[in-house]
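Trainee: Based on the sequences and whatever the hints tell you, model everything.
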Amino acid sequence: WELLSAATQQKTKLEQLTNKFLQNSDSFFTQFDKIQDKEKYLLAGRSCKKIIPELIRRDRYEETLAIITHIDRHFKEEKQISICAGQVLQEIVESDITQVLKAKFLTGQKEIREGIGPILLRLHTESVPLLLSVFRESDDQLVRKDAWDILMQIDSSAIDYILDELNKEEIATESTIDLIRILGEINCGDWIEPVSKTLRAYLKHEDPHLREEALWVYYKLRGGEGENVYLGLLSDPDMRVQKKAIQCLGKIKSETA
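Residues 692 to 948 (this note's numbering) are what the sequence shown spells out, left to right.
Derived from the structure by calculation, the hints contain no laboratory data.
A few of these clues could be false.
Said to hold, decoys possible - The calculated lysine-lysine pairs, modelled on BS3-like cross-linking and capped at a C-alpha distance of 30 angstroms, are:
#, residue 1, residue 2
1, Lys801, Lys711
2, Lys711, Lys836
3, Lys729, Lys741
4, Lys770, Lys795
5, Lys801, Lys859
Mentor: Structure (structure tokens):
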């Protein structure tokens with residue numbers, strides 16, 4: 692044992708602690724729920740936090756969810772240890788656990804994303820930055836859709852965040868294009884009018900690439916209702932925008948065009 696490096700020793704101890712938890716999880720939670728001493732609770736809670744990355748590495752999402760659910764319940768019960776539970780939850784959110792979940796969400800199969808989804812829902816608004824970053828980094832439409840579905844369950848006003856970012860016009864062109872494309876991939880529902888307003892503003896943007904992207908998403912949302920918009924863009928100074936307008940008019944079988 693002494694010949695092993697400190698990192699290897701730490702890794703081995705973590706694996707042993709995780710194995711012990713998995714073998715006796717029911718007993719652990721029974722005892723965990725009974726703790727009223729603040730110091731003992733923090734010790735147990737931080738032990739849980741310590742093994743979560745290893746559980747995620749092993750794709751043990753049910754057990755990960757169970758840990759977070761118990762701590763979250765303790766936090767909401769307004770008992771003596773509620774403040775401690777809230778502290779542990781905050782430490783979990785601020786640790787690298789969210790990045791481990793994000794990496795799995797980005798690279799895993801659909802069943803892995805389905806396993807991670809309830810964990811992100813339990814973390815509630817603390818998951819929003821993670822989910823939004825998935826949009827910016829993933830080229831996989833299914834990954835982006837799954838992330839959006841979770842995000843909308845957490846906060847139905849998430850579209851407002853995207854519109855606010857676009858309306859400020861302070862982010863890089865690549866990020867702006869990503870956000871515009873997101874609007875074309877989701878069900879805007881009651882938000883279709885404010886989304887359309889933002890897209891129409893981008894149809895007048897000085898960057899032709901942004902005009903082109905906004906036009907295509909506007910078509911996906913409004914279809915034939917946007918015929919006059921497409922007709923107006925036939926005189927756009929950029930050839931790519933003109934071609935996209937022609938494509939939109941062709942899609943709706945415009946008789947005027």
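Trainee: State for each hint whether it applies.
Mentor: Status of each hint after checking the structure:
1. Distance hint between Lys801 and Lys711 is fulfilled; the C-alpha atoms sit about 29 angstroms from each other, no more than 30 angstroms.
2. Simply put, Lys711 and Lys836 have alpha-carbon atoms about 37 angstroms apart, too far for the 30 angstroms limit, and the pair is violated.
3. At most 30 angstroms may separate the alpha-carbon atoms for a hinted pair to count; Lys729 and Lys741 meet this at roughly 18 angstroms.
4. Distance check on the hinted pair: Lys770 and Lys795 sit about 34 angstroms apart at the alpha-carbon level, beyond 30 angstroms; violated.
5. At roughly 34 angstroms between alpha-carbon atoms, Lys801 and Lys859 are farther apart than 30 angstroms, so this suggested pair is violated.
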